[in-house]
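Protein chains in written order, with the numbering used here: chain A, -14 to 239; chain B, 7 to 421.
If you're looking for bench data, these hints aren't it; they were derived computationally from the structure. Treat the hints with caution; some may be incorrect.
Computed Cβ-Cβ distance ranges for the label pairs, DEER-style [stated by the list, open to error]:
(1) A:L59 / B:Q303: 28 to 36 angstroms
(2) B:Q303 / A:D1: 21 to 29 angstroms
(3) A:D1 / B:T88: 55 to 63 angstroms
(4) B:T124 / A:A101: 50 to 58 angstroms
(5) A:A101 / B:A405: 14 to 22 angstroms
(6) B:A405 / A:P103: 50 to 58 angstroms
(7) B:E402 / A:R112: 28 to 36 angstroms
(8) A:I104 / B:S334: 56 to 64 angstroms
(9) B:A405 / A:G99: 23 to 31 angstroms
(10) B:S334 / A:P103: 32 to 40 angstroms
Over 12 angstroms on every C-beta distance to chain A, these chain B residues come out as not near it, computed from the model [stated by the list, open to error]:
(11) K62
(12) G164
(13) I173
(14) N251
(15) D323
(16) V332
(17) E367
(18) Q373
(19) T378
(20) R384
(21) E393
(22) G399
(23) L409
(24) E412
(25) A413
Per the computed footprint, the stretches of chain A lying under chain B, defined by three or more beta-carbons under 8 angstroms from a beta-carbon of chain B, are [as the list claims (entries may be wrong)]:
(26) 36 to 44
(27) 58 to 68
(28) 74 to 81
(29) 88 to 98
Cβ coordinates follow ideal geometry from the N, Cα and C atoms, glycine included.
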Amino acid sequence: MSVLEIKDLHVSVETDQGTKQILRGVNLTINEGEIHAIMGPNGSGKSTLAYTIAGHPKYHVESGSIMLDGAEVLKMTVDARARAGLFLAMQYPVEIPGVTVTNFLRTAKTAIEGEAPPIRTWIKDVRQSMNNLRMDKTFAERNVNEGFSGGEKKRNEILQLELLKPKFAVLDETDSGLDVDALKIVSEGVNRAKANTGLGLLLITHYTRILRYIHPDFVHVFVNGRIAEQGGPELADRLEDEGYDRFLVPSNVG
Amino acid sequence: MSAASALSKSASKTVPAPSTPAAGASTLTPGQHGIKEHSDGRFGYVPVQTRSDRFKSVNVADFEAVTGREAVWKHSPVAKFTDLTADVLDGSRYLIESTSSADISVEWVPRTDARIGTAGLPEERAAANAWGVFDDALAITVSGEEAKEITVTRSALGNTARGAHTIIEAKPFSQATVILANTGDARISENIEIILGESANLTVVSLQEWDDSAVHLANHFASIGRDARLKHVVVSLGGSIVRVNPSVRLAGPGSDTLLLGLYFADAGQHLEQQVYVFHDAPKSRSRVNYKGALQGQDARTVWIGDVLIGNKAAGTDSYEQNRNLVLSEGTRADSIPNLEIETGDIVGAGHASATGRFDDEQLFYLQSRGITEEEARRLVVRGFLTEVVQQIGSPELEARLQLAIEAELIGTDDK
Ligand SMILES: Nc1ncnc2c1ncn2[C@@H]1O[C@H](COP(=O)(O)OP(=O)(O)OP(=O)(O)O)[C@@H](O)[C@H]1O
Ligand SMILES: [Mg+2]
């Protein structure tokens, strides 16, 4: 049984105005098979948490730890983290000139498995997943994310999630920019991946609408660089009705 | 990175006087770019004179001293090769190594050879300087209808400032691949004439894997006869300053050319190519595809692509593109397509130019999928350049180039 354990994580970034503290003591444990939703206002540090887990060099970890099955993730290179079973579906996926989706997927799969996937089954798997995500097969020969619409980029992230089969995936606002049909398709993809591999999910979102399709076991409210409150799915409904104001007003008021 | 503008059925009858910018020539320069960076900010229209009206002479004294402000020189570090533009060059024979093939002769021929000057004439001073001095021309003559390949290697030119002349002739209906391989040191200005008889099918590959110190200025002049096909490939990997400018005249009806280029500039290298395609016959077809990668401080590339569709060239079809991939800070890529059309009857004419960056975010994205940094770079560059490599059509050379490109990437190219 895999566990991803984040303990007292403090993270800053360098800005023109000096060091800016973003994460201020994040504690979060995700077990295999669990779905955790993180909800919070703009700028609260949700993407920072996601990028820090993935190892983006821009984010400086001041203290704390991220353990994956007892191994310190913070000591691993970005690619080693992926090979250890972590996956980040990005809020803004990057365009890669010169590299086709096909080539990219095969190279990533080979890197993660340590050997090239058997060609026949691999091609079949890729086709099947693309088909499930309603991605036209012409995408396979296009350069990664180049000229993709916002929604197409998000599908491409979930395509990778399905094919690379991580132990834990962080989905950073995978729902934003999707119309309702695309949202359903993408959510189905995530649910399928979970059903197939039993991965643990950290679902970062602004809105509750994706939670209609992907049902969280736990909901965390993220404010000002830390988790302000946690609960079950019912907490999401409350947030839907009340918004984040309750968490934002200073405590000495009212 | 897709950026293309297609154009058809537009006409211009402007015939400007030589050496004055054409006010009304239909000269298209990059209008649309799917780019993130464009190093020189060269957008919109750049007036140029009709390309075929450029001054030509075999006499070096007919050209003013090179200042670096001339259209043909303004992107080049001219101060670094004043010997080639101003001094008297050594025009003697030099050592070549050649593979052999039935129906391909390789020999030195005198200046009086009737083929000399039939494919094109110098349009700048370094070319005229070389034209004036060569004792003998190297002539590679292809006959025979069977496919065959020959490699002519120059590896011992040394650092004497030289002028040289080469003729590559493909007799009517003949077929061959001619690879000109360049290694070692050099300071050379040269002219290469490529003459294709009726229905000939010729591939010429000019491969620059010079030492770090080499300076190579080349003008290739090709003349393509009726229904003949020229595939011309410029591969520039090694050398300090490498400037290979192919000019191709589609002289016979139904003539066809594919001009490919592949270059990888690393720190301090200047790699330049000024490509000119002149559609001078009906139903002629051209495709130009140059791709380059840049990596390292002051890696510099220049691509200028002029296509002129002359008034005799009804029913022609042309497309040119240049794409550059920037792999690090401190580089500069210029990419300047020009299209001039003098006939109202064309099938198609288009161009594309784009310069894209491989940056830290891309690296992070690939690494976040388990791919190592080294593999990520290799993936991007290989993916980018392979399109051109695969079109060369010589499996052995293609395999060799893939390795050479990877060596460039990790900086282990024997320098
Ligand atoms: N590289 C950076 N330089 C300066 N400030 C940064 C940088 N990265 C993040 N920040 C700041 O840190 C804070 C948290 O940003 P983050 O992207 O983690 O928020 P978020 O919760 O994901 O917001 P959103 O809901 O808009 O995606 C913001 O105030 C942001 O402006
Ligand atoms: Mg965010």
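So, going through the hints one by one against the coordinates:
1. In this structure the hint that L59 of chain A and Q303 of chain B lie 28 to 36 angstroms apart at CB holds, the actual value being about 33 angstroms.
2. In this structure, Q303 of chain B and D1 of chain A meet the distance hint of 21 to 29 angstroms, their C-beta atoms being roughly 25 angstroms apart.
3. For D1 of chain A paired with T88 of chain B, a C-beta distance near 46 angstroms fails the hint of 55 to 63 angstroms.
4. A hinted range of 50 to 58 angstroms holds for the C-beta pair T124 of chain B and A101 of chain A, which are about 53 angstroms apart.
5. Separation of A101 of chain A from A405 of chain B is about 20 angstroms and conforms to the stated range, judged on CB atoms against 14 to 22 angstroms.
6. Distance hint check: the CB atoms of A405 of chain B and P103 of chain A are about 25 angstroms apart, inconsistent with the given range 50 to 58 angstroms.
7. Our hint of 28 to 36 angstroms for E402 of chain B and R112 of chain A holds, since their Cβ atoms are close to 34 angstroms apart.
8. Checking the proposed 56 to 64 angstroms range against I104 of chain A and S334 of chain B shows it is violated: the Cβ atoms sit about 34 angstroms from each other.
9. In this structure, A405 of chain B and G99 of chain A meet the distance hint of 23 to 31 angstroms, their C-beta atoms being roughly 26 angstroms apart.
10. A beta carbon spacing of about 37 angstroms between S334 of chain B and P103 of chain A agrees with the range 32 to 40 angstroms that was offered as a hint.
11. The Cβ of K62 of chain B sits about 39 angstroms from the closest Cβ of chain A, beyond the 12 angstroms cut-off, so the non-interface label holds.
12. Every CB of chain A is more than 12 angstroms from the CB of G164 of chain B (nearest about 38 angstroms), matching its label as outside the interface.
13. The Cβ of I173 of chain B lies farther than 12 angstroms from every Cβ of chain A, with a closest approach of about 37 angstroms, so its non-interface assignment holds.
14. Against chain A, the non-interface label of N251 of chain B holds: every CB pair exceeds 12 angstroms, the least being about 26 angstroms.
15. The Cβ of D323 of chain B lies farther than 12 angstroms from every Cβ of chain A, with a closest approach of about 24 angstroms, so its non-interface assignment holds.
16. Distance check for V332 of chain B against chain A: the nearest CB is about 10 angstroms away, which does not clear 12 angstroms, and the non-interface claim fails.
17. Interface exclusion of E367 of chain B from chain A breaks down, the closest Cβ pair being 5 angstroms apart, not more than 12 angstroms.
18. A Cβ of chain A approaches the Cβ of Q373 of chain B within 12 angstroms, the least distance being about 4 angstroms, so the stated non-interface status is violated.
19. Once the 12 angstroms rule is applied to beta carbons, T378 of chain B is inconsistent with being away from chain A; the minimum gap is 5 angstroms.
20. Not every CB of chain A lies more than 12 angstroms from the CB of R384 of chain B, the least distance being 9 angstroms, so the non-interface label is violated.
21. For E393 of chain B, the shortest C-beta to C-beta distance to chain A comes to about 9 angstroms, within the 12 angstroms cut-off, and the non-interface label is violated.
22. Under the 12 angstroms C-beta cut-off, the non-interface status given to G399 of chain B relative to chain A holds; the minimum distance is some 21 angstroms.
23. Once the 12 angstroms rule is applied to beta carbons, L409 of chain B is consistent with being away from chain A; the minimum gap is 18 angstroms.
24. Chain A leaves E412 of chain B outside its interface by the beta-carbon criterion, the shortest separation being 14 angstroms against a cut-off of 12 angstroms.
25. Every C-beta of chain A lies more than 12 angstroms from that of A413 of chain B, the closest at about 18 angstroms, which supports listing it as non-interface.
26. Counting residues of the region 36 to 44 of chain A whose CB lies closer than 8 angstroms to any CB of chain B gives 4, which reaches the minimum of 3, so the coverage claim holds.
27. Remark: the region 58 to 68 of chain A is confirmed as covered by chain B, as 6 of its residues place a Cβ nearer than 8 angstroms to a Cβ of that chain, reaching the required three.
28. Figure legend: the region 74 to 81 of chain A, annotated as covered by chain B; annotation consistent (5 residues with Cβ-Cβ distances under 8 angstroms, at least 3 required).
29. Under the rule that three or more residues need a Cβ within less than 8 angstroms of chain B, the assignment of the region 88 to 98 of chain A holds, with 6 such residues.
In terms of the numbered hints stated before, the structure departs from hints 3, 6, 8, 16, 17, 18, 19, 20, 21, listed from lowest to highest.
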